[in-house]
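For the sequence shown, the positions run 29 to 175 when this note's numbering is used.
Where hints are given, some of them may not hold.
Claimed, not checked - EDC-like mimics (lysine to aspartate or glutamate), calculated; alpha carbons at most 20 Å apart, straight line:
#: 1; residue 1: Lys99; residue 2: Glu134
#: 2; residue 1: Lys88; residue 2: Glu37
#: 3; residue 1: Lys88; residue 2: Asp117
#: 4; residue 1: Lys99; residue 2: Asp73
#: 5; residue 1: Lys111; residue 2: Glu167
#: 6; residue 1: Lys99; residue 2: Glu78
#: 7; residue 1: Lys130; residue 2: Glu78
#: 8; residue 1: Lys111; residue 2: Glu56
#: 9; residue 1: Lys88; residue 2: Glu40
#: 10; residue 1: Lys111; residue 2: Glu78
#: 11; residue 1: Lys130; residue 2: Asp73
#: 12; residue 1: Lys99; residue 2: Glu56
#: 13; residue 1: Lys88; residue 2: Glu56
#: 14; residue 1: Lys99; residue 2: Glu144
#: 15; residue 1: Lys99; residue 2: Asp127
#: 16; residue 1: Lys99; residue 2: Glu128
#: 17; residue 1: Lys88; residue 2: Glu116
#: 18; residue 1: Lys88; residue 2: Asp118
Quick caveat, the hints were computed from the structure, so don't treat them as lab data.
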Amino acid sequence: VSTQSTGSEVTEQGLSEYGSEFPVINNEFMGRLSNFIYYAARVEDCDDLEFNAVIKYNVKTGDQIVKNLGKHRRGGEFVYVPKSDSAEDDGYLIGFVFDETKNNSEVVILSAVNLEVSCRIALPQRVPYGFHGGWLTREQLNNQRSS
29 VSTQSTGSEV TEQGLSEYGS EFPVINNEFM GRLSNFIYYA ARVEDCDDLE FNAVIKYNVK
89 TGDQIVKNLG KHRRGGEFVY VPKSDSAEDD GYLIGFVFDE TKNNSEVVIL SAVNLEVSCR
149 IALPQRVPYG FHGGWLTREQ LNNQRSS
């Protein structure tokens, strides 16, 4: 898209060589310039509709961190949970991961800084793919209730 009045041009480009879906950012930066995008990706031997990794993409530099969820482990949408009054990427990513060999699911919490696992919580049964979520602070939840 080209705009003649300003002489500027808008172009489209891929962010990654991997198939991906469910992009998220720190919602505190919604509508403002955001430096980091997080998304589910297919990085190796994975069906078209399954995701076996999470990627952190730096919009300014193009650098990315790829967190493989493990052999026969599949995830979906991760939600971003910021720490209070912190840097844009100082928070957590929380999502469900299904282990195909064990036939069970976990809640996996990753550091948004480096995608290292902060916590894993085993669940008593499988959580189906496609389960979406969001994160609200107690104050945001209370404001929703009073509206």
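We went through each hint and held it up to the structure:
| no. | hint | in the structure |
| --- | --- | --- |
| 1 | Lys99 x Glu134 | holds (15 Å) |
| 2 | Lys88 x Glu37 | holds (18 Å) |
| 3 | Lys88 x Asp117 | holds (13 Å) |
| 4 | Lys99 x Asp73 | holds (9 Å) |
| 5 | Lys111 x Glu167 | holds (14 Å) |
| 6 | Lys99 x Glu78 | holds (13 Å) |
| 7 | Lys130 x Glu78 | holds (17 Å) |
| 8 | Lys111 x Glu56 | holds (10 Å) |
| 9 | Lys88 x Glu40 | holds (15 Å) |
| 10 | Lys111 x Glu78 | violated (29 Å) |
| 11 | Lys130 x Asp73 | holds (18 Å) |
| 12 | Lys99 x Glu56 | violated (34 Å) |
| 13 | Lys88 x Glu56 | holds (18 Å) |
| 14 | Lys99 x Glu144 | holds (17 Å) |
| 15 | Lys99 x Asp127 | holds (8 Å) |
| 16 | Lys99 x Glu128 | holds (9 Å) |
| 17 | Lys88 x Glu116 | holds (13 Å) |
| 18 | Lys88 x Asp118 | holds (17 Å) |
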